[in-house]
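Trainee: These are the residues of each chain, in order.
Protein chains: 2
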Amino acid sequence: MTVEWEKLFAGRVGGMSASEIRELLKLIAKPEIISFAGGIPDPDLFPAPALSRAYQKVFESNSGPGDALQYTISEGYTPLREWICAYMESKGARIAMDEVLVTSGSQQALDFLGKLFIGPGDLVAVTKPTYLGALQAFSPYEPTYVSIAMDDQGPVLDEVDTALARKPKFLYLVPDFQNPNGITVSLDRRIAIIERCAAAGVAVIEDAAYAELRYDGDSIPSMVALDAERNGGSPATVIHCGSFSKTMVPALRVGWVCGAKDAVQRMVLMKQAADLHTSTINQVVMHDVVSEIFQGHVRRLRDAYKQRRDAMLTALADFAPPGVTWTKPEGGMFVWVELPEGSDGVALLERAIKEANVAFVPGAAFYADRSGKNTLRLAFSVNKPERIREGIRRLCGLLGQGAV
Amino acid sequence: MTVEWEKLFAGRVGGMSASEIRELLKLIAKPEIISFAGGIPDPDLFPAPALSRAYQKVFESNSGPGDALQYTISEGYTPLREWICAYMESKGARIAMDEVLVTSGSQQALDFLGKLFIGPGDLVAVTKPTYLGALQAFSPYEPTYVSIAMDDQGPVLDEVDTALARKPKFLYLVPDFQNPNGITVSLDRRIAIIERCAAAGVAVIEDAAYAELRYDGDSIPSMVALDAERNGGSPATVIHCGSFSKTMVPALRVGWVCGAKDAVQRMVLMKQAADLHTSTINQVVMHDVVSEIFQGHVRRLRDAYKQRRDAMLTALADFAPPGVTWTKPEGGMFVWVELPEGSDGVALLERAIKEANVAFVPGAAFYADRSGKNTLRLAFSVNKPERIREGIRRLCGLLGQGAV
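So the protein sequences, as listed, match chains Y and W.
Taking our numbering, the leading residue of the first sequence gets 1, the next gets one more, and so forth.
Taking our numbering, the leading residue of the second sequence gets 1, the next gets one more, and so forth.
Bear in mind the hints are in silico, worked out from the structure with no lab data behind them.
Cβ atoms here follow ideal geometry from the backbone N, Cα and C, with glycine treated the same way.
Hints should not be assumed to be uniformly reliable.
Each computed BS3-like pair below joins lysine-lysine, with the alpha-carbon atoms no more than 30 angstroms apart [as the list claims (entries may be wrong)]:
1. LYS261/Y to LYS30/W
2. LYS261/W to LYS7/Y
3. LYS128/Y to LYS328/Y
4. LYS261/Y to LYS7/W
5. LYS57/Y to LYS384/W
6. LYS57/W to LYS57/Y
7. LYS167/Y to LYS7/W
8. LYS57/W to LYS30/Y
Which residues of chain Y face chain W? A partial, calculated answer using Cβ under 8 angstroms [claimed, not checked]:
9. TRP5
10. ASP111
11. ILE118
12. GLY119
13. LEU123
14. VAL249
Just need the whole structure built from these sequences, with the hints factored in.
Mentor: Dropping the structure here:
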């Protein structure tokens, strides 16, 4: 007799599936393919000199590199948490040191929030569409999803009310330039959602991964800041997930989660059990780099990505056949395309890779209810403007041939 | 109305508690305290020059640092996985590339194994005592523990049989110089445990964190190698967790888990959902460093830690009052002290810190059943020999005053 692995696995394992995005990323590495698939920053825009200097400083410091190379506390490197608290305060939310936890990217914050709140069968409210990585983080804890439709102002309030009446554990959303559809939740809608969730005793999880990447239009306060404002300065309803992956660099895996102390302190215990702490040296380096260059670097990113967004929107206006619509995001990395009803994004992707050397992500992956077959996510962050125009020309050529 | 956090938390949150070790580490930072508490490597022995060079190389490479700073695949950096496969083969276990996953320290592997196997109420077999971090990793998945007593050869086979008859999901153990008690599982006992577990269809989880740190006695094959040998070269029953934290440096948070493909591929999906991947640049750097200096550096560590172990054992022989016994580990970082029945390690710790400026970890924390109140874990890894002797002299002075 030997071990029959499938029989030993816990029930939650059934809820896990490979990310279509990540599996796709493996297929499209060929240089002739213009990929709008990966929602990743452009490596040419990484602050490499600042990072190089910061790593070097660790080894040249007078006290030696010992502390940066040793185990550390699960909460995170104290100067980095202080920087995060000051940053959050500059955005209007007063966060105490014991209300912030450094995580290994904001993806880990989503995993911890799933672990903290979700028991088998518990309801979780998400938007329609929503961030695929959030569904992947939550699903191992076996929730039932309730999906809330969106209009161009964000989640539709009638559907928020219907969802809250069913008493979900939390409502998860990406209020700024949402991955995947680029929509930004309006100020009025943000306030209404916080009030309704607070009244229903339902937590709000705000994923602010893209919040700094605004290219035009007025800046809107974060939901955690609005929550803090109505609660005397400190958040009571909103838990906020932040990330340095989009503003600085993804590979160091440094993000954070902040909000009510009761919730954050439980996540500190989770962190200790899950991986002890985030890489010490990477936290020291990230603190050094953000202290030095955060604002200037983000301005540089905004300039570069704005041109790419403009190139994509212009190309879509120039080349898209009738019946195809798309969002006009004010920031972030994504344009969301809606094809005529009955179109199939997955079938289109197969043809696009083979016949047009273009790739994107079919939108259905971003729906908890697996609807949205006629949608596509196009990332404009990685390619230069001319290449974006060429890729959109090729993709629209396929669409014009009735490929959908 | 507002959010009542405690009411929203999932049931598993009740099983989480602060690590006594980590809470203690915060108390004993005063320089006058000789601490045997933290089971951590000596920062003076970190390979800082090799690490510094490796980080610098990332930024000076001809292809630029882009790939090392970008998102990567969840499986881990391919050259590092290749190194791990070659390393495992040198230890007698043939591991294919799709049978190894790079994790953020071996603590993350333990979390993933808990997530993979344990549903609420499932049985998990551990030794008595066992690694506290494993209990912390498993407990959020709500197992019931069955604890197996140890003698100086490892887990007692009668108790292994009794535990296996109850059909646990897996048996977890640290076969080499176990944290906390320093005991090494003998060759015969390893083979017997693998055979019994394979026959019962129960997985074995081998935590090999300390395996390279042997100071004398004959090297014993790892359990995954013995499993592979009886199975034609590849493991079928044993899942192996490895770590660079004890051999190289902890702060980069790089470890691995390897074994049957069915189990490892599920953990790749978990990794994607939990934190996408381990820090890219840290994996690149770790690969560079282990390729350059692994064997030589481990020899250097063995020389230094052997002197410290010897200093602790000699001091205990010289100063310990009658009725106190301790283990004589052939490697690792820990000596385990047993006080007379009825003694209380926690009460002793309070007096030791206050009256003798010495710290250690009371042993009860390492028992799933919270027995072992009369035991202490002493780490000899951080202090130099003279300081170890002085600390043991002080501690034994307290013991001799009838402090227990």
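Trainee: Could you run down the list of hints and mark each one as holding or not?
Mentor: The hints, checked one at a time:
1. LYS261/Y to LYS30/W: At roughly 28 angstroms apart (the allowed maximum being 30 angstroms), LYS30/W and LYS261/Y satisfy the hint.
2. LYS261/W to LYS7/Y: holds, 15 angstroms
3. LYS128/Y to LYS328/Y: holds, 18 angstroms
4. LYS261/Y to LYS7/W: Within the cut-off at roughly 15 angstroms; holds.
5. LYS57/Y to LYS384/W: holds, 28 angstroms
6. LYS57/W to LYS57/Y: Given that 30 angstroms is the threshold and the Cα spacing comes to 15 angstroms, the pair holds.
7. LYS167/Y to LYS7/W: Holds. LYS167/Y to LYS7/W sits at ~12 angstroms (cutoff 30 angstroms).
8. LYS57/W to LYS30/Y: Status holds; Cα separation ~27 angstroms.
9. TRP5: Since chain W brings a Cβ to about 4 angstroms from TRP5/Y, closer than 8 angstroms, the hint holds.
10. ASP111: For ASP111/Y, the interface hint holds, since the closest Cβ of chain W sits about 5 angstroms away, which is under 8 angstroms.
11. ILE118: holds, 6 angstroms
12. GLY119: holds, 4 angstroms
13. LEU123: Violated. Min distance 11 angstroms.
14. VAL249: holds, 5 angstroms
Hint compliance for this structure: hint 13 is the single one not met.
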